[in-house]
Amino acid sequence: MSDDDLDIERLLRSTLSERARQLPPGTQLAEQIIAEADHPRAVREVRGPRRWRGWTLPAVAAGSVAAVVAIVIGLAQVHQSHKNAADHRSPATTHPQATSGSTARFSGNSTSNGSGSGESSGSAAPSASTVEPTSTPAAGQAGGPVGPVGPHFQAVDLTFAGDQDGWALGTSGCLNGTPGRCPTILHTADGGTEWGSIQIPTPLIAPGCGSECVTNLRFANADVGYAFGPDALYMTTDGGATWGTNQGDTKYLEVADGTALRVAGGELQIAEVGSEQWQAAAVPPTAQSVKQLVRSSHDAYALSVSKTAASTGAAQSVIASTDDGKTWADRGDPCQPEPALSPGQLVAGADGSLTVVCQDSPVSKTVTPTRSVVTSTDGGKTFSDPVALPATAQDVRFAAASSSVLFYVDKQLHRSTDSGRSWAIVSPDPVATSQSSPIVFLGFETPDTGRLVTGGSSTIWMTTDSGADWNSHVFK
Amino acid sequence: MDNDVLFAQFVREQTATLLRSAYLLTGSSPAAEDLVQDTLLRLFPKWDRVMAADVPMAYVRRSLVNGFLNQRRRPQSRDIVVDEVPERLDPGVGRDIGVDVSNRDLVWRLLATLPDRQRAALVMRYFEDLADPEIAESLGCRLGTVRSLISRGLATLREKTERDRVSNLEGGRP
Numbered sequence: 001m002s003d004d005d006l007d008i009e010r011l012l013r014s015t016l017s018e019r020a021r022q023l024p025p026g027t028q029l030a031e032q033i034i035a036e037a038d039h040p041r042a043v044r045e046v047r048g049p050r051r052w053r054g055w056t057l058p059a060v061a062a063g064s065v066a067a068v069v070a071i072v073i074g075l076a077q078v079h080q081s082h083k084n085a086a087d088h089r090s091p092a093t094t095h096p097q098a099t100s101g102s103t104a105r106f107s108g109n110s111t112s113n114g115s116g117s118g119e120s121s122g123s124a125a126p127s128a129s130t131v132e133p134t135s136t137p138a139a140g141q142a143g144g145p146v147g148p149v150g151p152h153f154q155a156v157d158l159t160f161a162g163d164q165d166g167w168a169l170g171t172s173g174c175l176n177g178t179p180g181r182c183p184t185i186l187h188t189a190d191g192g193t194e195w196g197s198i199q200i201p202t203p204l205i206a207p208g209c210g211s212e213c214v215t216n217l218r219f220a221n222a223d224v225g226y227a228f229g230p231d232a233l234y235m236t237t238d239g240g241a242t243w244g245t246n247q248g249d250t251k252y253l254e255v256a257d258g259t260a261l262r263v264a265g266g267e268l269q270i271a272e273v274g275s276e277q278w279q280a281a282a283v284p285p286t287a288q289s290v291k292q293l294v295r296s297s298h299d300a301y302a303l304s305v306s307k308t309a310a311s312t313g314a315a316q317s318v319i320a321s322t323d324d325g326k327t328w329a330d331r332g333d334p335c336q337p338e339p340a341l342s343p344g345q346l347v348a349g350a351d352g353s354l355t356v357v358c359q360d361s362p363v364s365k366t367v368t369p370t371r372s373v374v375t376s377t378d379g380g381k382t383f384s385d386p387v388a389l390p391a392t393a394q395d396v397r398f399a400a401a402s403s404s405v406l407f408y409v410d411k412q413l414h415r416s417t418d419s420g421r422s423w424a425i426v427s428p429d430p431v432a433t434s435q436s437s438p439i440v441f442l443g444f445e446t447p448d449t450g451r452l453v454t455g456g457s458s459t460i461w462m463t464t465d466s467g468a469d470w471n472s473h474v475f476k
Numbered sequence: 477m478d479n480d481v482l483f484a485q486f487v488r489e490q491t492a493t494l495l496r497s498a499y500l501l502t503g504s505s506p507a508a509e510d511l512v513q514d515t516l517l518r519l520f521p522k523w524d525r526v527m528a529a530d531v532p533m534a535y536v537r538r539s540l541v542n543g544f545l546n547q548r549r550r551p552q553s554r555d556i557v558v559d560e561v562p563e564r565l566d567p568g569v570g571r572d573i574g575v576d577v578s579n580r581d582l583v584w585r586l587l588a589t590l591p592d593r594q595r596a597a598l599v600m601r602y603f604e605d606l607a608d609p610e611i612a613e614s615l616g617c618r619l620g621t622v623r624s625l626i627s628r629g630l631a632t633l634r635e636k637t638e639r640d641r642v643s644n645l646e647g648g649r650p
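Protein chains in written order, with my numbering: chain D, 1 to 476; chain F, 477 to 650.
Hints in this document: simulated from the structure, not taken from any laboratory. Nothing here was measured: the structure is a model prediction, and the numbers come from that model. Some hints here could point you the wrong way.
Residues of chain D placed beyond 10 Å of chain F at every Cβ, according to the derived structure [to be verified]: (1) Glu-9; (2) Gly-26; (3) Glu-194; (4) Thr-237; (5) Asn-246; (6) Gly-266; (7) Gly-274; (8) Gln-277; (9) Ala-282; (10) Pro-285; (11) Thr-370; (12) Asp-418; (13) Pro-428; (14) Thr-464; (15) Ser-466; (16) His-473.
Listed next, the in silico EDC-like pairs over lysine to aspartate or glutamate satisfying Cα-Cα at most 16 Å (straight line) [what the hints assert, rightly or not]: (17) F/Lys-636 <-> D/Asp-7; (18) D/Lys-411 <-> D/Asp-385; (19) D/Lys-326 <-> D/Asp-429; (20) F/Lys-522 <-> F/Asp-478; (21) D/Lys-411 <-> F/Asp-530; (22) D/Lys-411 <-> D/Asp-395; (23) F/Lys-522 <-> D/Asp-38; (24) D/Lys-476 <-> D/Asp-257; (25) D/Lys-381 <-> D/Asp-429.
Where a beta carbon is used, it is the ideal one built from N, C-alpha and C, also for glycine.
Kindly produce the complete structure, drawing on both the sequences and the hints.
Shown next as structure tokens:
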């Protein structure tokens, strides 16, 4: 591949990213689509014959009313909130720089993260270093650091720093009685039994965020957290009381052991936890762009497209770091023993292992892909022989508690205790009981302790025996 | 949860994402709004089928791309809609500090001249970062066709940007 090839691809990426970034938010458009779905005739009469413009008409009046109500309710909650906040934060000081990133997991927020249009290459410049806190009350939600949980909380992402402090990003019924759902971040300091709402970078969680929605959440410790999405990254250094300015598109972000890694515009970047000084990571020169990032404590792994294969998208390499992302080495294509297969998903185990799901490229959705897994327990230097997986649907999510205990989710939760050689459906199956809602989170803080959340559900499932048994708790 | 609620939740969460893709496909913000609206309202009556898909967003995206391609197949829709009037780059002007911006403007205009399927494939690869099988599914074609569409699209962009560069160099000579 020539430099010209690379240049036109880079130029195209940056062009598309820059153009998309200029779009106004689609918030009004979304509300009008919903209204038209509910009352098609009425809306059409208002709209006129064909076209309406949504994004130049902010809902100022409705927003003002909601804000007034939110402030009134927020003030009433502040006293209790501050007391709770202090209580919740104190345990985290016992494990600073803890293990949010060591949660070996996938965050399968597939509709907004995995398959969303978040990649925005060409805009990967390191962010400004100054933090300008914004402490706006959440739209209709609790205004203080910790408040009650709104009704029917539905998570879109989950993160734990250690086995006690956890945060859930999602939406819930608005506490002030405003119709619809309000964006919410919940915090637990007791491993997930009791939850309380904290400040959010409003209005940056749908609804109301337009093009700057955050879809994922990571906390390094009880103070430093990151809320991010295809066009947004916001950081808090005070447990969510205030959030900094937007640091740009962030497709993946993982924190652990003092460093934060993110993929922005196809570039892998690194910063100290709590810093907005993002710098390009020292990836191997062959790595043109990065497509995935997983992490388990000091070990980090990413899937890169090599310079020699960017035009076909076929050849990919695993790059690995064993020093918290400071240095990286190219581990090549671990799926090469099977020439028809290429790396699909990277899965980090809570024991630092890496499992790579290799698969072929079926031409249609009706064709079952061929899949196998290879596992490394030495930072990607060597991999096991491929283990063929059973036939499954095309879109299947994988997770790992360790190098031997693996999971995949289709309509059910499947578990293997022998590195993928045999599989059994977990019983009782938390996925099946959630009425086939897509799973949004499955991750392990340790090889034994893990969590599972499905979309459209107010339930979080926990295991302390490597996923053999799961117990449900309601977010409350 | 009933379909109305699920639909509203999906629309609120995903409209911005869909809008970006639609804008890059159509090249026009009003056309993008229409495409997103038409796609979602067309799917609304069968939303349970969307939610039953392995990846609902992939289902919707495929419908969006199909809507775009079908719309463009209609004779009255063959015109290329762009928000801005294309302007030729001034020879020799801004080739240093403004070169990136100029190149992006050029690529954006050239994208509008590509065949619809090539443009769609490039948007899915280089903006949505989809793998080739996902692009093939969205376009309803074979994997080899996807690679061909992308290869030809890139070749066209490369050729025309190079031609423009040479033209500007020649035009800028004293």
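Hints versus structure:
1. Glu-9: 7 Å, violated
2. Gly-26: 4 Å, violated
3. Glu-194: D/Glu-194 is indeed farther than 10 Å from all Cβ atoms of chain F, at 25 Å.
4. Thr-237: 27 Å, holds
5. Asn-246: At roughly 14 Å from the nearest Cβ of chain F, D/Asn-246 sits farther out than 10 Å, so the non-interface label holds.
6. Gly-266: With a cut-off of 10 Å, D/Gly-266 comes too close to chain F, as the shortest Cβ separation is near 8 Å.
7. Gly-274: 28 Å, holds
8. Gln-277: 23 Å, holds
9. Ala-282: Given a closest Cβ separation of 23 Å, the condition holds.
10. Pro-285: 21 Å, holds
11. Thr-370: 12 Å, holds
12. Asp-418: Holds: least Cβ distance 26 Å, greater than 10 Å.
13. Pro-428: 21 Å, holds
14. Thr-464: 30 Å, holds
15. Ser-466: At roughly 26 Å from the nearest Cβ of chain F, D/Ser-466 sits farther out than 10 Å, so the non-interface label holds.
16. His-473: At about 20 Å from chain F, D/His-473 clears the 10 Å cut-off, so the statement holds.
17. F/Lys-636 <-> D/Asp-7: Within the cut-off at roughly 13 Å; holds.
18. D/Lys-411 <-> D/Asp-385: Violated - the C-alpha atoms of D/Asp-385 and D/Lys-411 are around 28 Å apart, more than 16 Å.
19. D/Lys-326 <-> D/Asp-429: Violated, because 40 Å separates the two Cα atoms, which is more than 16 Å.
20. F/Lys-522 <-> F/Asp-478: 12 Å, holds
21. D/Lys-411 <-> F/Asp-530: Holds - the C-alpha atoms of F/Asp-530 and D/Lys-411 are around 8 Å apart, at most 16 Å.
22. D/Lys-411 <-> D/Asp-395: Holds: D/Lys-411 and D/Asp-395 sit about 10 Å apart, inside 16 Å.
23. F/Lys-522 <-> D/Asp-38: Roughly 14 Å between the alpha carbons, so the hint for F/Lys-522 and D/Asp-38 holds.
24. D/Lys-476 <-> D/Asp-257: This hinted pair is violated, its Cα atoms lying about 30 Å apart.
25. D/Lys-381 <-> D/Asp-429: 35 Å, violated
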